[in-house]
Amino acid sequence: MSDQPILSVEHVGVRFGGLVAISDLHFDVRPGEILSLIGPNGAGKTTAFNVVTGFLKPTTGEVRFKGASLAGLPPNRINRLGLARTFQRTSVFPDDTVLDNVLIGLHREDGGASLLDAIFNLPKERAGEAARRAKARELIEWVGLSARAEERAGSLSYGEQRLVGVALALATDPSMLLLDEPVSGMNASETKNFVRLIRSVRDKGVTILLVEHDMPMVMEVSDRIVVLNHGKLIADGTPAEIRADPAVIEAYLGKSAATREAEREAAHA
Amino acid sequence: MDQFLQHLVNAMVLGGAYALLGIGLTLIFGIMNVVNFTHGALYTFGAYAMYLASTALGMNFFLALPFAIVAGLALGALLELTLLRPLRGADIDTTMLVMIGAGIILQSGTLWIFGGVAKAIPSPFPDAPLQFAGVSISWLRLFVLLAAAALIALAYAMINGTRLGRAMRATFQDADTAALMGVNVRLIYTATFALGSSFAAAAGALLGPVYVVFPQMGDLAAVKAFAIVILGGLGSIAGATIGGFVLALAEEFGAGYVSSGYRDAMGFLIIIAVLLMKPTGLFARAERVG
Amino acid sequence: MTRYLPPVVLVVLALLPLGLKDPYLLNALITGGIFTIGAISLNLLLGYTGQLSLGHIAFFGIGAYASALTALGFDVGLFGDVRVIHEGWHPFIGFLVAIVVSGFFGYVVGRLSFRVRGAYFVIVTICFAEVVRLVALNWIELTQGPLALTSIPQMKLGFPGLGELTLRTKVQNYYLMLGVATLAYLVVARLVHSRFGRAMRGLKENEQLAMSVGVNATKTLTVAATFSAAIAGAAGSLYAHYFRIIDPDVFLFAYTVTMVIMVVSGGKGALAGPVIGGLIFGTLPVALRPYMAPEAQWIVYGAVLILILFLMPRGIAPYVDDWFAARRARRAHGAAPAAKPQLEGQR
Chain A
2 MSDQPILSVE
12 HVGVRFGGLV
22 AISDLHFDVR
32 PGEILSLIGP
42 NGAGKTTAFN
52 VVTGFLKPTT
62 GEVRFKGASL
72 AGLPPNRINR
82 LGLARTFQRT
92 SVFPDDTVLD
102 NVLIGLHRED
112 GGASLLDAIF
122 NLPKERAGEA
132 ARRAKARELI
142 EWVGLSARAE
152 ERAGSLSYGE
162 QRLVGVALAL
172 ATDPSMLLLD
182 EPVSGMNASE
192 TKNFVRLIRS
202 VRDKGVTILL
212 VEHDMPMVME
222 VSDRIVVLNH
232 GKLIADGTPA
242 EIRADPAVIE
252 AYLGKSAATR
262 EAEREAAHA
Chain B
-3 MDQFLQHLVN
7 AMVLGGAYAL
17 LGIGLTLIFG
27 IMNVVNFTHG
37 ALYTFGAYAM
47 YLASTALGMN
57 FFLALPFAIV
67 AGLALGALLE
77 LTLLRPLRGA
87 DIDTTMLVMI
97 GAGIILQSGT
107 LWIFGGVAKA
117 IPSPFPDAPL
127 QFAGVSISWL
137 RLFVLLAAAA
147 LIALAYAMIN
157 GTRLGRAMRA
167 TFQDADTAAL
177 MGVNVRLIYT
187 ATFALGSSFA
197 AAAGALLGPV
207 YVVFPQMGDL
217 AAVKAFAIVI
227 LGGLGSIAGA
237 TIGGFVLALA
247 EEFGAGYVSS
257 GYRDAMGFLI
267 IIAVLLMKPT
277 GLFARAERVG
Chain C
154 MTRYLPPVVL
164 VVLALLPLGL
174 KDPYLLNALI
184 TGGIFTIGAI
194 SLNLLLGYTG
204 QLSLGHIAFF
214 GIGAYASALT
224 ALGFDVGLFG
234 DVRVIHEGWH
244 PFIGFLVAIV
254 VSGFFGYVVG
264 RLSFRVRGAY
274 FVIVTICFAE
284 VVRLVALNWI
294 ELTQGPLALT
304 SIPQMKLGFP
314 GLGELTLRTK
324 VQNYYLMLGV
334 ATLAYLVVAR
344 LVHSRFGRAM
354 RGLKENEQLA
364 MSVGVNATKT
374 LTVAATFSAA
384 IAGAAGSLYA
394 HYFRIIDPDV
404 FLFAYTVTMV
414 IMVVSGGKGA
424 LAGPVIGGLI
434 FGTLPVALRP
444 YMAPEAQWIV
454 YGAVLILILF
464 LMPRGIAPYV
474 DDWFAARRAR
484 RAHGAAPAAK
494 PQLEGQR
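Residue numbers (our numbering), protein chains in the order written: chain A, 2 to 270; chain B, -3 to 286; chain C, 154 to 500.
Take the hints with a grain of salt, since some may be wrong.
Unchecked claim - Taking beta-carbon pairs under 10 angstroms as the criterion, some of the chain B residues facing chain C (in silico):
| # | residue |
| --- | --- |
| 1 | F139 |
| 2 | V208 |
| 3 | P211 |
| 4 | A218 |
| 5 | I268 |
In case anyone wonders, no lab produced these hints; they're calculated from the structure. We put the CB at the ideal spot given by N, CA and C, even for glycine.
Generate coordinates for the entire structure from the input sequences, incorporating the hints supplied.
Spelled out as structure tokens, the structure:
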């Protein structure tokens, strides 16, 4: 694992007025790994995601993806470089069908057809459209939603919407995927399925950065974990190392030994 | 030089009325997040209320003015209760379109009742203007300037010094938190819209006697009010006051030294320029990202 | 069923002049149809990207002036001794020029939408329309100002091998309007069903998510605004050559409101929306005219707009869709209603 990192967050700081959301965040993501970013509520995890994907400008520091700086790039350009993400709350286009959702994600796959090809519905456009639809169906089948392809995405369950979000992000053919609390609100069997899905995404060669509160899930799926508290990185290691790290235990469970025990047990489960 | 001073004096008179117009709109826009397309119609309404009171109802000019302002207040409250309150939580486009519908009804209603011919509101002041240092100003315009200044001062005192004003400011900051703190947000919305409307009516009632009164007079006034609000920043009363005077100066000097035909274009050009340079308005606090 | 509705409506509209000889009615249909084309173009922006352009009449008016001036010719001084002199061209070239010039202004406004969205975009578009109106009013050398451009030639269509046809009668102009409207409908339909249209819908439904999957907001909105303005310009050209006189009042806010009402009542974001709205509000003045003054008609318009927003905020078209869908469902489950009494009997 001595490869060049695919993503480096280099001393990133984010301040809103006087409020410090992230003071100094510094970590690397290596190609092909599943890295989890964890930390107590308000530690700055979602802020970090927003910085990496271009929705927020960092006050200090910068993010590099495949060696190139992302400074000043808008989210759509960053996506184009191969960095896709899902959102915590609104992961779908609610008024469109599942199929159309994924097709929106595929809108850049032009198959060489221009705007004029599209308006006159020329052969190039038709071929492109057929290819897009085939690819969309494939992605939907892959996340296990074929039966719901024609339903309005907004009418799906929470867990299913998350799956649509993943299919949508994968439609842009990323080399790295950022998942923002993907299993929150999912039941145990849905979570289990999702873990399997994340693994198979990684097996396709997509690097994964995960923000998640579900500790057992994080411990199970991650190759490596970085822990954020009060806008600073406090630990970096394998799940086993993190579990034993006193600074992490302090950050998470500092107050009550009982909760600490409970978390420990949950983590081992 | 005299010419310059004359333009300046004219701009002050116009600016006072513009500031009233802007304050009314910025309150509604800032606190309720409603793009109020009835604002121009309420300006017209104020002018016609003034006309009606001082002619058909035979009221004294100085009594007709508060009458017009109170009439604007009542109409504003009515519009809020019947149209906006049921739409609370609807998206901004929907309320905007509903307000356009209401504006059409008000304007066409005015046209239907009073006809398209412009009306003049009789002035109680002597016709001979006041001469001072080579500048002439009619007594009526002087009164308009002073009345506008008094109303602006009243607006400040009310927003900064009363319980209602405090509640309005809290609602502007964050309606949900204000509600938690025990502010009756529904009531604040009604009060805000009614007050904002009364300011528009006051502007119409003050400028009506200076110019003439006609049903479409509110069209331009509405766009100017938007210009003032954008110039001054969302929800800022101080910004709206400054914005009103800046627009009046731009119009007056633009008409005097550039071309009178493009007088009314000043406001639009200001809006376009300001929004392209600084989309949150010149005096606005930076909006939170998100 | 809904798939066959547009061609059926088109055939009915095409046959309409055969049974309709009243010139007043025909005139109302042509005028209503021209504004329906404007509404179709507005729907592209409002319905599919969610950006409300309340200065839409500017593109219509620019198209009208561009087309009229191309056909009439002009002679204006720019600065110093530089004069631009243009001899009148064929009116059909005027039609094409109108599309290009309006499309260009749409492109510019689309670029601006990068900086300002929502309520601010609405206000910028209103201001744009007012500035254009004031230019039309004050640049007398070019536009004749309030004196109006008059004697605009009638539209002429050349058919290869068959010669040229000057559209003099109302029936001919009706078919021209219907042809352009059909074309506009098809262009918008193709655009919104293409990948560009998907990017537009994505932006409207969830801008952040759309950007995260690579949708370029500026580019997408610019494409939409350019096409929307170009189609509005085509409608403006029809207006100029049909009425043969235009003045700066062509930029009045009331016309934008007419188009907005057509889109919102018919159903924004539905292809059939502006057509349904256009048919209703194109013919409503004819129906109301014997009973009330124009001011009173406008009161009715305002009230209808408010009522629709309160009662059917999505407009009429989605309800028509729902009705057909429900009927399909009833047919598919033909046995279901019969099962219900049985259930109650068991209780």
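Next on the checklist: Are any of the numbered hints broken by this structure? If so, which, sorted upward?
Outcome noted: 1, 2
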